[in-house]
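Engineer: Next come the chains, spelled out residue by residue.
2 protein chains.
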Amino acid sequence: MRLTKQTNYAIRIMMYCAANQGRLSQIPEIAKAYGLSELFLFKILKPLTKNGLVDSVRGRNGGIRLSREASEIRLSEIVRVTEDNFEMAECFGEDGDCPLMDSCELNSALREALGAFFAVLDKYTIEDLAINRHRIDKLLGIDELQKASA
Amino acid sequence: MRLTKQTNYAIRIMMYCAANQGRLSQIPEIAKAYGLSELFLFKILKPLTKNGLVDSVRGRNGGIRLSREASEIRLSEIVRVTEDNFEMAECFGEDGDCPLMDSCELNSALREALGAFFAVLDKYTIEDLAINRHRIDKLLGIDELQKASA
Numbered sequence: 001m002r003l004t005k006q007t008n009y010a011i012r013i014m015m016y017c018a019a020n021q022g023r024l025s026q027i028p029e030i031a032k033a034y035g036l037s038e039l040f041l042f043k044i045l046k047p048l049t050k051n052g053l054v055d056s057v058r059g060r061n062g063g064i065r066l067s068r069e070a071s072e073i074r075l076s077e078i079v080r081v082t083e084d085n086f087e088m089a090e091c092f093g094e095d096g097d098c099p100l101m102d103s104c105e106l107n108s109a110l111r112e113a114l115g116a117f118f119a120v121l122d123k124y125t126i127e128d129l130a131i132n133r134h135r136i137d138k139l140l141g142i143d144e145l146q147k148a149s150a
Numbered sequence: 001m002r003l004t005k006q007t008n009y010a011i012r013i014m015m016y017c018a019a020n021q022g023r024l025s026q027i028p029e030i031a032k033a034y035g036l037s038e039l040f041l042f043k044i045l046k047p048l049t050k051n052g053l054v055d056s057v058r059g060r061n062g063g064i065r066l067s068r069e070a071s072e073i074r075l076s077e078i079v080r081v082t083e084d085n086f087e088m089a090e091c092f093g094e095d096g097d098c099p100l101m102d103s104c105e106l107n108s109a110l111r112e113a114l115g116a117f118f119a120v121l122d123k124y125t126i127e128d129l130a131i132n133r134h135r136i137d138k139l140l141g142i143d144e145l146q147k148a149s150a
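Chains as they are written, first to last, in the working numbering: chain A, 1 to 150; chain B, 1 to 150.
Treat each hint with caution, since some may be false.
Note that identical chains are pooled: a pair holds if it fits in a single copy or bridges any two copies.
Each computed SDA-like pair below joins lysine to any residue, with the alpha-carbon atoms no more than 25 Å apart [said to hold, decoys possible]:
#  : residue 1 : residue 2
1  : 123       : 86
2  : 32        : 122
3  : 147       : 137
4  : 5         : 87
5  : 138       : 47
6  : 50        : 21
7  : 46        : 59
8  : 50        : 8
9  : 5         : 111
10 : 5         : 85
11 : 46        : 135
12 : 43        : 99
13 : 147       : 119
14 : 5         : 86
15 : 43        : 125
16 : 123       : 108
17 : 5         : 115
Honestly, the hints are just simulated from the structure, not real lab data.
Please model the entire structure based on the sequences and the hints provided.
Structural biologist: Okay, structure coming up:
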């Protein structure tokens, strides 16, 4: 049981933007901070921009930023748009072939457990994750970028 | 986010044994009921026998049975022994390379969410999953096997 790499990096990108308050974050700098290819970064950004979590500003000095305050974006929102699916087991889908489909309570137990998982993620916002903001700035090299552009 | 195939089938094997009360369940009959190879079944059984959830009786008329009453085996116990790992994200492990490791609260939020997930699975036993036992007997062909061996 594990979150996808996409979800993991989507959260990190949002944290980068949160730490980089007041400046647009440019794709090359985020890619460098996390050691990712820009291509992979664009792929991860797609569901975030499509679902209105991140705004993208085009142009030479363009970049991305959180579409709302970091304190208003819940961890659960990110996970919901980036995870491929939440079929915990075959019996969540319609084309499973378990002979017990419809006669077993596993499906409903797992749904309840997944609900409890998300109820916790609902409580946390991007701001909560980045409470060590000043340390995060330094770790990502954002403090230097901000000085340079000031 | 999904349980492994191993976990999914481990639960089904335990349900088979629960439905097949009073008789040892033989590997070929379980494999047939679920359309699995016997080899894969043996692989799934390993953590279940090793961790004392299933007893294995050797010999020509051997087979397997639950080591305790179905009402005393919790869904969480099965998932814990069959899932490979519960590192929800890279930052759960020791060899991750995220620069925010130790400065970000994602790890603790995900741990709390995983705890809530397991708290629900703790509430359910194999017996709870098999509340439609008589229907399950029929679906798995156990009623016929029981008549034949009576």
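Engineer: For each hint, tell me whether it holds in the structure or not.
Structural biologist: Right, here's what the structure says about each hint:
| no. | hint | verdict |
| --- | --- | --- |
| 1 | 123 / 86 | both (19 Å within a copy, 21 Å between copies) |
| 2 | 32 / 122 | neither (30 Å within a copy, 43 Å between copies) |
| 3 | 147 / 137 | within (11 Å within a copy, 71 Å between copies) |
| 4 | 5 / 87 | both (17 Å within a copy, 12 Å between copies) |
| 5 | 138 / 47 | neither (28 Å within a copy, 45 Å between copies) |
| 6 | 50 / 21 | within (21 Å within a copy, 52 Å between copies) |
| 7 | 46 / 59 | within (18 Å within a copy, 58 Å between copies) |
| 8 | 50 / 8 | within (18 Å within a copy, 33 Å between copies) |
| 9 | 5 / 111 | both (23 Å within a copy, 17 Å between copies) |
| 10 | 5 / 85 | both (14 Å within a copy, 15 Å between copies) |
| 11 | 46 / 135 | neither (28 Å within a copy, 46 Å between copies) |
| 12 | 43 / 99 | between (38 Å within a copy, 21 Å between copies) |
| 13 | 147 / 119 | neither (39 Å within a copy, 47 Å between copies) |
| 14 | 5 / 86 | both (15 Å within a copy, 14 Å between copies) |
| 15 | 43 / 125 | within (23 Å within a copy, 41 Å between copies) |
| 16 | 123 / 108 | both (23 Å within a copy, 12 Å between copies) |
| 17 | 5 / 115 | both (22 Å within a copy, 21 Å between copies) |
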